[in-house]
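Protein chains: 2
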Amino acid sequence: MVERLGPPLDEPIFDELAIIGVGLIGSSVARAARKRNAVRRIVLADRSQETLARAADLTLGDETTNELKVAVRNADCVLLCAPVGANEEIGGAIAPALKAGAIVSDVGSVKGAVLSALQAALPAHARLVPAHPVAGTEQSGPDAGFAALFINRWCILTPPERADPKAVERVRAFWEALGSHVQTMSAEHHDLVLAITSHVPHLIAYNIVGTAADLEEVTRSEVIKFSAGGFRDFTRIAASDPTMWRDVFLYNKDAVLEMLGRFNEDLTALQRMIRRGDGDGLFDLFTRTRAIRMGIVAEGQETSAPDFGRRGLQADEPAS
Amino acid sequence: MVERLGPPLDEPIFDELAIIGVGLIGSSVARAARKRNAVRRIVLADRSQETLARAADLTLGDETTNELKVAVRNADCVLLCAPVGANEEIGGAIAPALKAGAIVSDVGSVKGAVLSALQAALPAHARLVPAHPVAGTEQSGPDAGFAALFINRWCILTPPERADPKAVERVRAFWEALGSHVQTMSAEHHDLVLAITSHVPHLIAYNIVGTAADLEEVTRSEVIKFSAGGFRDFTRIAASDPTMWRDVFLYNKDAVLEMLGRFNEDLTALQRMIRRGDGDGLFDLFTRTRAIRMGIVAEGQETSAPDFGRRGLQADEPAS
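These protein sequence lines map, in sequence, to chains D and Y. Note that the working numbering gives residue 51 to position 51 of the first sequence, counting from 1, and the numbers run on in steps of one. Note that the working numbering gives residue 207 to position 207 of the second sequence, counting from 1, and the numbers run on in steps of one.
Think of the hints as simulated: they come from the structure by calculation, not from any bench. All figures in this text were calculated on a predicted structure; none of them were measured in a lab. It cannot be assumed that every hint is accurate.
[What the hints assert, rightly or not] Pair by pair, the computed Cβ-Cβ distance ranges are:
| # | chain 1 | residue 1 | chain 2 | residue 2 | range |
| --- | --- | --- | --- | --- | --- |
| 1 | D | Gly300 | Y | Arg162 | 54 to 64 Å |
| 2 | Y | Gln119 | D | Asp280 | 20 to 30 Å |
| 3 | D | Gly300 | Y | Pro165 | 51 to 61 Å |
| 4 | D | Ala213 | Y | Arg275 | 17 to 27 Å |
| 5 | D | Glu3 | Y | Glu161 | 50 to 60 Å |
| 6 | Y | Arg220 | D | Asn37 | 36 to 46 Å |
| 7 | D | Asn66 | Y | Ser221 | 34 to 44 Å |
| 8 | Y | Asp164 | D | Asp280 | 35 to 45 Å |
| 9 | D | Ala213 | Y | Arg47 | 52 to 62 Å |
Positions of the beta carbon are idealized from the N, C-alpha and C atoms, including for glycine.
Chain D with its partners taken away, still in its complex shape (with noise of 0.2 Å):
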């Protein structure tokens, strides 16, 4: 599956982009609305001088800077890429600089509680449009960003009810010229979504790899050798950022509590199952959680490679 951008805009979305946060997503926007040319200049700040300079070193922008107020003040579109948690903060530092009318977005993992804070943070002809680019890797910082990380991702928009359409538009044609797919819903119903399909995981990967790790009978060294039994997968996700998966669940806490709820009914009837020896129950489950993989995989968002593809093994192509 070779991903590739387009060819460079013509005219580009945004005069100038100000980024806030150069980690894994705020460098892979640099970097791909550079190689687009979705904009005409782009300007980063970080609140550590270290991830500025080496932001600096790659070329990542044209202007870098830790001040927040300079970062935006000609910017048409500020991209919030920080974990969720400082939003508020940076928002209150920007409001005052920001041009009239700028757009100002994000890229966090939960919406409600962000909107809301930044609504109150921001002034009245700031347009906000807040977004969710469904992508990443467990890397972090400014050297694990790669241009294509958004193609044929799924980035969702949430719009306050009285967003302005046109700057909702602009920041649809932004993430779809960074190869994404964009779909727009309440911030209520992404938060719910995501739960199910990025936070809970997330949460019970960090736990089992927590688990095996205090255990007394099984030693480390054990866990690691034969984590190929399965293990392995979980400790890809439990190795993410722990700053930011932090305020994911700070912030989007309700949303989350009721997920694992229903993971937690569903997992204690599945012990149950175990306990009393119910194997067609638990062929039936086994059965039907394989059609799901499928979809995934037919939708073009996961590779048809057995394995992932971790050994370069193609589906069609098993080695003999």
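Assemble chain Y onto chain D, guided by the hints.
Only chain Y this time, still in chain D's reference frame:
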């Protein structure tokens, strides 16, 4: 990470290997054993005529049969590669036909229950050396196998107390010829270790995929589209063979319920942290879990490429 089998052995380890069950594992053993000249002759048995016909088309062995007694009559090693629940019946069927001193081994993911079933079924002259290669993909059947499957993976031997040391050494040599590292432990300890590194991970993967499939508030189409947020990782192992996994949970009930109990305790503690907004507690866990993945990568049990290398990206050459 290029993984190759060594050159063909000058002297095969076994004269005739009978493989009972030609699925992912059985067919991979046949391919690898042939390639390394680890056996002189391979006989394949399966209760499905379709599978046997496909095995013959793929020339995975020298002979195919659905008569278990025919399959084992000249074998100096019989390898049971059917789902764990079938071993007792297979053991009984092959018992009268086994050559004097034949080694009987298996590849099952559960060892305690299997050991007792086979010890009861087999004649005293047979030499039982149970084995478990910790390797696989989510795919099933003779077409899914490949010779490189066992390279750099661990194979666990759980010989009974009075096992013949020479038989154990030959089984060890066989798996080493297929590229595996070999470790010996008790069947009981094996079942506890695999409960946490393989069985419970599969169980919670099956469970969350089932939970997501049954939601009313979130459509199946949404689950599929936004699965790149983490959920899709779980669908891989939840697409594994239902019969094999049903048997694992029926035959390793005690250890699975024990480890599931630990998992549930830890998940309850995590749920409480979220409910109370304990950001520091979440951050601590999310930081600790990174170390285990680094250990797994360092030990060569996992790719270092981000996102399992799904898109062909290498860790050391991030796409710009």
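Structure-based check of all given hints:
1. D:Gly300 - Y:Arg162: 54 to 64 Å: holds, 56 Å
2. Y:Gln119 - D:Asp280: 20 to 30 Å: For aspartate 280 (chain D) against glutamine 119 (chain Y), whose Cβ atoms are near 28 Å apart, the range 20 to 30 Å holds.
3. D:Gly300 - Y:Pro165: 51 to 61 Å: Holds, at about 54 Å.
4. D:Ala213 - Y:Arg275: 17 to 27 Å: Once the Cβ atoms are compared, 23 Å apart, the range 17 to 27 Å for arginine 275 (chain Y) and alanine 213 (chain D) holds.
5. D:Glu3 - Y:Glu161: 50 to 60 Å: Given range 50 to 60 Å: holds, Cβ gap about 55 Å.
6. Y:Arg220 - D:Asn37: 36 to 46 Å: holds, 37 Å
7. D:Asn66 - Y:Ser221: 34 to 44 Å: With Cβ atoms ~42 Å apart, the hint holds.
8. Y:Asp164 - D:Asp280: 35 to 45 Å: holds, 40 Å
9. D:Ala213 - Y:Arg47: 52 to 62 Å: Roughly 42 Å apart at Cβ, these two residues miss the hinted range, so it is violated.
Hint 9 from the list above is the single one not met by this structure.
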